[in-house]
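When you get a sec, could you build the whole thing from the sequences and use the hints?
Letter by letter, the chains look like this.
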Amino acid sequence: SQKIEQNSEALNIQEGKTATLTCNYTNYSPAYLQWYRQDPGRGPVFLLLIRENEKEKRKERLKVTFDTTLKQSLFHITASQPADSATYLCAHRGNKLVFGAGTILRVKS
Amino acid sequence: EAGVVQSPRYKIIEKKQPVAFWCNPISGHNTLYWYRQNLGQGPELLIRYENEEAVDDSQLPKDRFSAERLKGVDSTLKIQPAELGDSAVYLCASTGGGTNSGANVLTFGAGSRLTVL
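Chains as they are written, first to last, in the numbering used here: chain L, 1 to 109; chain R, 1 to 117.
If you are wondering where the hints come from, they were derived from the structure by calculation, not from laboratory data. Beta carbons are placed, not taken as given, at the ideal position from N, Cα and C, and that holds for glycine. Some hints could be false.
To be verified - In silico lysine-lysine, DSSO-like type, Cα no more than 27 Å apart, as pairs:
| # | chain 1 | residue 1 | chain 2 | residue 2 |
| --- | --- | --- | --- | --- |
| 1 | L | K59 | L | K96 |
| 2 | R | K71 | L | K96 |
| 3 | R | K62 | L | K96 |
As the list claims (entries may be wrong) - Derived, one-sided and incomplete: chain L residues facing chain R with beta-carbon distance under 10 Å:
| # | residue |
| --- | --- |
| 4 | I4 |
| 5 | Q6 |
| 6 | G43 |
| 7 | V45 |
| 8 | L49 |
| 9 | C90 |
| 10 | A91 |
| 11 | V98 |
| 12 | G102 |
Said to hold, decoys possible - Negatives, chain R to chain L, calculated, CB over 10 Å:
| # | residue |
| --- | --- |
| 13 | S7 |
| 14 | I12 |
| 15 | Q17 |
| 16 | V19 |
| 17 | S27 |
| 18 | N51 |
| 19 | L60 |
| 20 | K71 |
| 21 | K78 |
| 22 | L84 |
| 23 | A88 |
| 24 | T115 |
This is the structure in structure tokens:
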């Protein structure tokens with residue numbers, strides 16, 4: 001079955017640093033990966049999508065990479081701020097959109 | 001534009017009681033999803049609708065869960081009877097036109113948190 005894995009441990013970083021979150025997938029080669037942000041008590045909010053033929057995608061302070069050889073996507077937040085603290089979910093599309101468990105990011109001032 | 005609207009936001013019931021959740025997707029979005037999210041986990045698909053047709057309900061526990069999407073707009077998810085293990089957040093999402101529509105970018109509602117005692 002399609003599996004998608006994210007770091008189960010929370011990532012704690014200092015404000016201003018770059019946060020890097022990892023998403024690994026197995027048993028499938030997705031045509032694209034999506035990243036969502038979820039705040040407590042809220043539904044996930046779409047951030048970025050990257051297709052298999054794209055190595056990198058940027059949006060403001062966000063950057064996503066997609067390495068089909070490693071079967072991995074990295075999600076970077078540069079110049080992180082306390083307001084970036086949230087859970088970040090990656091998802092890939094097979095015959096359905098499958099989500100990882102998410103990684104909690106805590107940015108400390 | 002209003003987002004995906006869900007109600008109720010919170011529901012506490014005794015086990016074996018019925019419960020229903022309602023979802024109003026973004027206007028014009030033909031595809032509607034119901035997901036269940038357990039604490040510390042990612043959303044898991046329960047059912048997907050294309051207009052009023054359920055095209056993927058393989059993950060829906062059909063002995064106690066049911067869903068409908070009359071007229072291809074609003075949708076209702078029902079659990080009867082509820083069990084302790086049904087405690088979770090039930091998320092509704094929709095997709096429609098736009099740049100990323102082919103990649104099924106989802107717009108989620110805030111979710112309905114169910115607690116079964």
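(message) Beyond 10 Å on every Cβ pair: is that true for R:L60 relative to chain L?
(response) Answer for R:L60: holds, closest chain L Cβ roughly 13 Å.
(message) Can you verify the interface hint for L:C90: is its Cβ closer than 10 Å to any Cβ in chain R?
(response) It holds, given that the least Cβ distance between L:C90 and chain R is near 9 Å, below 10 Å.
(request) Against chain R, run the beta carbon of L:G102 and see if the smallest gap drops under 10 Å. (result) 6 Å, holds
(request) May I ask you to check that R:V19 keeps its beta-carbon over 10 Å from the closest beta-carbon of chain L? (result) Non-interface label stands for R:V19: nearest chain L Cβ at 19 Å, farther than 10 Å.
(request) Measuring Cβ to Cβ, find out whether R:N51 lies farther than 10 Å from everything in chain L. (result) 18 Å, holds
(request) Beyond 10 Å from every chain L Cβ: check whether that's true for R:A88. (result) Fine: 13 Å to the nearest Cβ keeps R:A88 off the interface.
(request) Compute the least Cβ-Cβ separation between R:S7 and chain L, then decide whether it is above 10 Å. (result) 13 Å, holds
(request) Let me know if the C-beta of L:V45 comes in closer than 10 Å to any C-beta of chain R, holds or violated. (result) For L:V45, the interface hint holds, since the closest Cβ of chain R sits about 7 Å away, which is under 10 Å.
(message) So R:S27 supposedly isn't at the interface. Is its beta-carbon more than 10 Å from every beta-carbon in chain L?
(response) 18 Å, holds
(request) Decide, holds or violated, for the assertion that all CB atoms of chain L are farther than 10 Å from the CB of R:K71. (result) 24 Å, holds
(request) Over 10 Å to the closest beta carbon of chain L is the bar; see if R:Q17 clears it. (result) 24 Å, holds
(request) Would you check the hint for R:K62 and L:K96, treating anything up to 27 Å between C-alpha atoms as holding? (result) Within the cut-off at roughly 19 Å; holds.
When held up to the earlier numbered hints, the structure conflicts with none and fits them all.
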